[in-house]
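J.: Sequence:
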Amino acid sequence: VGFDHIDLEEATKRGIYVTNTPGVLTEAVADFTWALILAAARRVVEADKHIREGKWKVGWAPKYFLGQAVHGKTLGIIGLGRIGKAVAERAKGFKMKVIYYDVKRPPKEVEEKLGVKYVELEELLKTADIISLHVPLLPSTRHLIGEKELKLMKKTAILVNTARGPVVDEKALYKALSEGWIYAAALDVFEKEPINMDNPLLKLDNVVLAPHIASATIEARSKMAEIAAQNLLDVLKGKMPKYLVNPEVVKVRPLEKVKML
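Yeah, the sequence shown ends on 264 if you go by our numbering, and it's all consecutive.
Errors might be hidden in some of the hints.
Unchecked claim - Here are the simulated DSSO-like cross-link-like pairs (lysine-lysine), alpha carbons at most 30 Å apart as the crow flies:
#: 1; residue 1: K95; residue 2: K195
#: 2; residue 1: K76; residue 2: K100
#: 3; residue 1: K242; residue 2: K206
#: 4; residue 1: K129; residue 2: K206
#: 5; residue 1: K60; residue 2: K107
#: 6; residue 1: K195; residue 2: K100
#: 7; residue 1: K242; residue 2: K254
#: 8; residue 1: K242; residue 2: K226
#: 9; residue 1: K154; residue 2: K66
#: 10; residue 1: K260; residue 2: K242
#: 11; residue 1: K16; residue 2: K88
#: 12; residue 1: K226; residue 2: K206
#: 13; residue 1: K107; residue 2: K240
Simulated from the structure, these hints should not be mistaken for laboratory data.
Put together the whole structure using the sequences plus the hints.
T.: Okay, structure coming up:
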C-alpha cells in the first residue's frame, strides 16, 4: 500500500505510472498487529528464547515471566483507516475500551459501529494501555512518536508499529524502553530496513521485532501479486488502472501513448 519509497514527483515528470495494491492486506496486517500486541504483553518471544537457551529450571513460580493482561484494557489507535478499523474490530473480542486519534474523523455512525471514541493525540498517549500505529508516512507523521510523546505514555504502556518505521523516533524509543518510560514495544517496521545489526534495540528484551512481515500471508501476498499484475496489464492496454497513485501522470504521458497491448 505504501509508496513512500518512490519519488512520485520524478516518476510523474518521466511519465511513469505508479500503482499500488490497497485493501487486500488489511486483514493480514490487523491479525499481525494483534500477534505483536499479545507477544509484547505476555513476553512470548522472551519466554521462547528462555526455553531454547536451557534456562527453564523451575516448573512453575508465581512471578515467573509475569506479563500484562490485554483483556479489558484501553487500546489507543493512531490512524483509523482500513487497518486501524480492522484492529478496532478485533478488540471487541478482548472487551477493550478503544480510543483513537486521526486528523480526519470518520462519520459518527462508523465510530458507533466500531465502538470507538475520538480523543486528541495527547489524551490518547496519556490514557491508552496499548498504542497501535496505523498512519501513512508523511512529513507530518515522521517521528510522530518521539521523546515528548513517549514520556506522556504510561510506564505500563505498550507501543506497536506496523505502519512505517520513521513514524517512530528509534533513538527516543530505545531510551524509553531501556530507562523504563514504557513497558514494551513491538515493531514490524524500522527507520532503516533491513535493520542494522548495531541497532541498540536488538539488545533489549522488552521489544518484539519482526522483519516487515505484517502482510505476509499466502492469501494477502497472492492477491497483491494479482492486483499488481492487473495494474500493469491495464496500463499496457491503455486502460486507467484501478489503483493509480499519481493521476497527474496522464497529462504528462497519456494512456494512448503508453498502450502496447
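J.: Taken at face value, is the distance from the CA of K226 to the CA of K242 at most 30 Å?
T.: holds, 20 Å
J.: For the pair we were handed, K60 and K107, check the Cα-Cα distance against 30 Å.
T.: Given pair K60, K107 is violated - Cα atoms ~52 Å apart, limit 30 Å.
J.: So if I understand the rule, the pair passes when the alpha-carbon distance is 30 Å or less; does K260 with K242 pass?
T.: Distance of about 11 Å is within 30 Å: holds.
J.: Given the proposed pairing of K16 with K88, does the C-alpha separation stay at or below 30 Å?
T.: With a Cα-Cα distance of about 35 Å, the restraint between K16 and K88 is violated, given a limit of 30 Å.
J.: Below or equal to 30 Å on CA atoms is what counts here, so check K242 against K254.
T.: At roughly 14 Å apart (the allowed maximum being 30 Å), K254 and K242 satisfy the hint.
J.: Is the Cα-Cα distance between K76 and K100 30 Å or less?
T.: Cα-Cα ~6 Å, so holds.
J.: Is K195 close enough to K100, meaning Cα to Cα at most 30 Å?
T.: violated, 33 Å
J.: Are K129 and K206 close enough, with their CA atoms no more than 30 Å apart?
T.: holds, 27 Å
J.: So if I understand the rule, the pair passes when the alpha-carbon distance is 30 Å or less; does K95 with K195 pass?
T.: Measuring from Cα to Cα gives roughly 34 Å; hence the hint is violated.
J.: Quick one, are K107 and K240 close enough, alpha carbons at most 30 Å?
T.: violated, 36 Å
J.: Below or equal to 30 Å on CA atoms is what counts here, so check K242 against K206.
T.: Between K242 and K206 the Cα gap is close to 51 Å, so the pair fails against 30 Å, i.e. violated.
J.: Is the hinted pair K154 and K66 satisfied, with a Cα-Cα distance of at most 30 Å?
T.: Cα-Cα ~27 Å, so holds.
The earlier numbered hints that this structure contradicts are 1, 3, 5, 6, 11, 12, 13.
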